[in-house]
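Enquirer: Given chain Z's structure and the hints, the job is docking chain H onto it.
Residue numbers (our numbering), protein chains in the order written: chain Z, 1 to 133; chain H, 1 to 329.
Note that these hints are calculated values from the structure, not bench results. Hints are supplied without guarantee of correctness; some may be wrong.
Unchecked claim - Derived DSSO-like pairs (lysine-lysine); straight-line CA-CA distance at most 30 Å: (1) H:K301 to Z:K89; (2) Z:K88 to H:K297; (3) H:K134 to Z:K89.
Stated by the list, open to error - So the derived list for chain Z, only partly shown, Cβ under 8 Å to chain H, looks like this: (4) Y29; (5) R43; (6) D45; (7) R47; (8) I50; (9) F53; (10) L54; (11) L87; (12) L90; (13) Q93; (14) A132.
No residue lacks a Cβ here, since even glycine has one placed at the ideal position from N, Cα and C.
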Amino acid sequence: MYEPKIIAFLCRWCASAAADLAGVSRLSYPANIIPIVVPCSGRVDPRAIIEAFLNGADGVLIGGCHTPNDCHYISGNFKAFKRIHILKKLLKQFGIEPERIRLEWISATEATKLVQVTKDFVETIRKLGPLAR
Amino acid sequence: MSSNKPKLAIVYGSVCGGCDVSLVNVGEPLADLLTNYDVIYWSIALDGKLHTLEKLERIDVAIYMGPIRTELNMKLAKLIREKADLVVAYGTCAVYGGIPGLGALIKPSTLVETMKSTVTTTPGSEKVVKSMEKEGLKIPPLTNQCLPLSVVVEPDVLVPGCPPAVENVEKLIDILKKYLRGEKPVKGLMLAEPRSLCEECPRRPKDMSKLVIPNIYRLHEAVPKEDKCFLEQGILCLGPITRAGCGHRCIKANMPCAGCMGPVQRVDDVGLKFLSSLASALLADKEKELGEEGLAKLLDKIVDPQGLFYRYTLPTSYLTKLVLKRLRK
Chain Z
1 MYEPKIIAFL
11 CRWCASAAAD
21 LAGVSRLSYP
31 ANIIPIVVPC
41 SGRVDPRAII
51 EAFLNGADGV
61 LIGGCHTPND
71 CHYISGNFKA
81 FKRIHILKKL
91 LKQFGIEPER
101 IRLEWISATE
111 ATKLVQVTKD
121 FVETIRKLGP
131 LAR
Chain H
1 MSSNKPKLAI
11 VYGSVCGGCD
21 VSLVNVGEPL
31 ADLLTNYDVI
41 YWSIALDGKL
51 HTLEKLERID
61 VAIYMGPIRT
71 ELNMKLAKLI
81 REKADLVVAY
91 GTCAVYGGIP
101 GLGALIKPST
111 LVETMKSTVT
121 TTPGSEKVVK
131 SMEKEGLKIP
141 PLTNQCLPLS
151 VVVEPDVLVP
161 GCPPAVENVE
171 KLIDILKKYL
181 RGEKPVKGLM
191 LAEPRSLCEE
201 CPRRPKDMSK
211 LVIPNIYRLH
221 EAVPKEDKCF
231 LEQGILCLGP
241 ITRAGCGHRC
251 IKANMPCAGC
261 MGPVQRVDDV
271 GLKFLSSLAS
281 ALLADKEKEL
291 GEEGLAKLLD
301 KIVDPQGLFY
311 RYTLPTSYLT
321 KLVLKRLRK
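Just chain Z, with the same shape it has in the complex:
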């Protein structure tokens, strides 16, 4: 069976803390996710996302703090939102499914949301199939 590879850029303050919490709470989520901890979701360069795709990822998940007021750096999550919004449009023009990128706000306490989002996302990518087909 086809197993998608997914890179997850998780912000240090919220989403990755949620992943830690999921770990200590013994919640299980698919092993297709390869988490990379970044200082802020606003720090994720579109180039890094494309680089992930070029190196074999089938989907990219970006996890940040809730808008409008949770971001540790005040407005990093809005920067991430704007970047991903335009990038999705750009990908569509190039003929790549924009669903391969997903931006989610996950706070440090929402371990169950993280688990749900990863399960959902893996299913979406599984349906879309590998990127280079």
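Expert: What follows is chain H alone, placed relative to chain Z:
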């Protein structure tokens, strides 16, 4: 005709002709140069044929204009790299792909079909092509991809610009004069500034770090003021990530930069970098007020991000590499 002068060939890719005009536009310095070189191939000025190039064992300098779009372009590009000591990629098309590069993601068969079926084609041109074929003349087929010269072979000097600015062409002529004395430039010399256009822009705001893009307007929706930064007026200008050295011709004519000089040093993908900087500066003061929905509504005013961000550099984009990798599998 044989002489001991060094040999110069000016070779065409799928060129529009603007590069030639810009080369001739420098005037006297060019005339000086041409007395010192023996021009052996230049389609616009001489009756040079491909076999004259093939017969020669060595060419000293070859200037290539336009992207590689047909099999003939490809043949010429490889031929000049094999025979010429100094290869010059002249114009944005030869360096980054340029306007013809926008067809990089479209199948060659689709391109030909569109060309034949739309009103821009002269009626009866098919007949002309057929009568040519009877006489043994063939139109070279399109290559699978549209590539700039700099991707296929390694040029020694690169002159970006659509067309290259007079100052840069003069620099190139100086280099060619020095070459007569045996001085060869460093490999991969780029005849443009390494920094961005904003750094020397006459409209540069006092504090670039506090720049906020208040809205997004397309060119027909706003009348740009003559002395204010385009981005501060909500008109998207590619100045922040584009090389300086063009003499900001467009800015002087009250038009935003379209990015023909290519990316600044150490940036290799114009679109992704511009997207990143755009997202940082756009409505930076009203993010919380507008919320995600309000921002999304404004961002949707960018109608054609691909055409805006990659107008001159599509074939060198990482996204194109990704898509072509996918198509080839």
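Enquirer: Hint by hint, say whether it matches the structure.
Expert: Hints and how they fare:
1. H:K301 to Z:K89: 11 Å, holds
2. Z:K88 to H:K297: 14 Å, holds
3. H:K134 to Z:K89: Since the Cα atoms of K134 of chain H and K89 of chain Z sit roughly 48 Å apart, the hinted pair is violated (cutoff 30 Å).
4. Y29: 25 Å, violated
5. R43: 10 Å, violated
6. D45: 6 Å, holds
7. R47: Result: holds, 5 Å to nearest chain H Cβ.
8. I50: 5 Å, holds
9. F53: 6 Å, holds
10. L54: 6 Å, holds
11. L87: The hint holds - L87 of chain Z has a Cβ within 8 Å of chain H, the shortest such distance being about 6 Å.
12. L90: 5 Å, holds
13. Q93: 4 Å, holds
14. A132: At about 5 Å, which falls below the 8 Å cut-off, the nearest Cβ of chain H leaves the hint on A132 of chain Z intact, so it holds.
The earlier numbered hints that this structure contradicts are 3, 4 and 5.
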